[in-house]
Amino acid sequence: MSAPLAAPPAGSADLLPAEPGFGSAVRILFARVGAMCLVELQKLRRDRTELVTRAIQPTLWLLVFGETFTRIRAIPTGNVRYLDFLAPGILAQSALFVSIFYGIQIIWERDAGVLAKLMVTPTPRAALVTGKAFAAGVRALIQALAVLVLAAILGVDITPNPLRLLGAAVVLLLGAGFFCCLSITIAGMVLKRDRLMGIGQAITMPLFFASNALYPVAVMPGWLQAINHVNPLSYEVEALRGLLIGTPARLPLDFAVTAGWAVLGVACAAALLPRLTR
Amino acid sequence: MADTQTPAVAVRGLRHAFGDNVAVDNVDLTVESGEIFGLLGPNGAGKTTTIRMITTLLPVGTGSIEIFGLDVSRRKMAVRRLIGYVPQLLSADGTLSGRENVALFARLFDVPRSVRRSRTDEVIEAMGLADAADRTVSTYSGGMIRRLELAQALVSSPRLLILDEPTIGLDPVARTGVWERIAEVRARNGMTVLVTTHYMEEAQEHCDRVALMHRGRIRALGTPDELIAGLDVPAGSLDDVFRAYTGDDLDGGGIRDVRATRRTAGRLR
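Chains as they are written, first to last, in numbering that gives the first Met the number 0: chain W, 0 to 277; chain H, 0 to 268.
The hints are simulated quantities; they were obtained by calculation from the structure and are not laboratory data.
Note that this is a predicted model, so its numbers are computed, not measured.
Incorrect hints may have been included.
Simulated restraints, written as ranges between beta carbons of each label pair [what the hints assert, rightly or not]:
1. THR5/H / LEU263/W: 41 to 47 angstroms
2. ASP156/W / SER117/H: 52 to 58 angstroms
3. THR175/H / TRP107/W: 30 to 36 angstroms
4. GLU124/H / LEU43/W: 43 to 49 angstroms
5. PRO123/W / VAL172/H: 39 to 45 angstroms
6. LEU40/W / ASN25/H: 43 to 49 angstroms
7. MET196/W / VAL21/H: 32 to 38 angstroms
8. MET188/W / TRP178/H: 55 to 61 angstroms
9. GLU124/H / LEU153/W: 53 to 59 angstroms
10. LEU43/W / GLY229/H: 55 to 61 angstroms
11. LEU263/W / SER63/H: 33 to 39 angstroms
12. GLY127/H / ARG45/W: 22 to 28 angstroms
Positions of the beta carbon are idealized from the N, C-alpha and C atoms, including for glycine.
Kindly generate the complete structure, drawing on both the sequences and the hints.
Below, the structure written as structure tokens:
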């Protein structure tokens, strides 16, 4: 028997490791993020059923809400058809709904002992959180694909430009990553599944309604516009709408805000994660 | 080796309280490099809290812990590199295959890419799981999951293997299987093993030295034979030792014990 079951070689760097420098710390962070993302993909490969059931809700929003409000023309969206206006909003919404319950998964993994075992490996907490954020993003992307196909069937005019589609995918990934981290942050504060579910439900709808997903900012009352200003979902929707449908958008600002929230989310979730295994 | 004198684990004046409940009360403990050390006691004795501080999960408040000379509070990452940890709950990921579970831990411990595959195969083989390696873990029995967790903990060649109640919830055959695998690997590479258990007969059979823990304190420490010999009871056992030192029966676990066992057994079903 060789390597793993043999005695660790005396005098190897492993024995009494020196404090790693900044360069190697960054390298380790990236390696660990890669490992955690890979394992999340392996998990996703095995539960496809959920991907189908989760596509039902956005489908209903587009088919029922979208078609109806397009017909009654109650929401002024200028020269853009309401269904076209709505489709990117529903993309962002379905990403939000997928991500916001990742905290529950973390609590489940805590209860099952999986999280504690990962926490005892030499893995920065930020890497564990980023793996989850990535998984939320991939789920959101798969769902987005289903929503986009449906939207195209309903006649929504989506850009065929691959660069714009790629940009939309990045925005969606960042948005889903942020809401996943928000959920893990709350999990780290409340520590209990029931309370997290309550809070998750209590914040998703306000986030959704206080954004530009369903209606343009111009029709909102002043106080709602103010909330809309700090709501990360609104920047995500504006970018998606600009990229996919071609409505006016402040793309650099939208990207910066979405990415900024995502980084902040990883930092907060990573800081609170150890509370779960104490 | 240069550091055979450095103990694997050195715990000094360790204390931890959850509110008013003092779980660990002024514990001193030294685990020598290369031995199998058993931390014994009923559930609620403070074993798991001690283990959680040693494994960096719980911050060390009062007292100190050194792992091979490294201070646990200041060198968390370095300490984690030296440890393989198997928690009390069966905690392999049920949605992954056995091989994927082990490969993840090989990556998390920087096992070089060139030997990752061979090392993964090797530990899976050594734990007797080669035939089941590509099956989803949700199809494994409790004993198989425990052995898979050993494979996960061993793939990084840890210098210190920490096992929290490794045989809880397993049937007698699976229990023996787990101990045999631990003994085999230890015989081959001389790693240190720190194990908690409340099965006295297992400790008596498999541990080099044991510490009896009761209500947060270490009540007795020594080899099983020493402790039993000190009793002056004919054909005594560690159970008798425990009773003599604490005046308590070991079956003090009560409802918590039953619940933990059920939870462990019921997972992944």
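Hints, verified against the model:
1. THR5/H / LEU263/W: 41 to 47 angstroms: holds, 42 angstroms
2. ASP156/W / SER117/H: 52 to 58 angstroms: holds, 54 angstroms
3. THR175/H / TRP107/W: 30 to 36 angstroms: Since THR175/H and TRP107/W have Cβ atoms about 32 angstroms apart, the given range 30 to 36 angstroms holds.
4. GLU124/H / LEU43/W: 43 to 49 angstroms: violated, 28 angstroms
5. PRO123/W / VAL172/H: 39 to 45 angstroms: holds, 40 angstroms
6. LEU40/W / ASN25/H: 43 to 49 angstroms: Taking Cβ atoms as reference, LEU40/W and ASN25/H lie about 48 angstroms apart, which means the hint holds.
7. MET196/W / VAL21/H: 32 to 38 angstroms: holds, 34 angstroms
8. MET188/W / TRP178/H: 55 to 61 angstroms: Violated: the Cβ-Cβ distance is about 41 angstroms, outside 55 to 61 angstroms.
9. GLU124/H / LEU153/W: 53 to 59 angstroms: At roughly 55 angstroms between Cβ atoms, LEU153/W and GLU124/H fall inside 53 to 59 angstroms, so the hint holds.
10. LEU43/W / GLY229/H: 55 to 61 angstroms: holds, 57 angstroms
11. LEU263/W / SER63/H: 33 to 39 angstroms: holds, 35 angstroms
12. GLY127/H / ARG45/W: 22 to 28 angstroms: At 24 angstroms between Cβs, range holds.
Violated hints, in rising order: 4, 8; the structure is consistent with all others.
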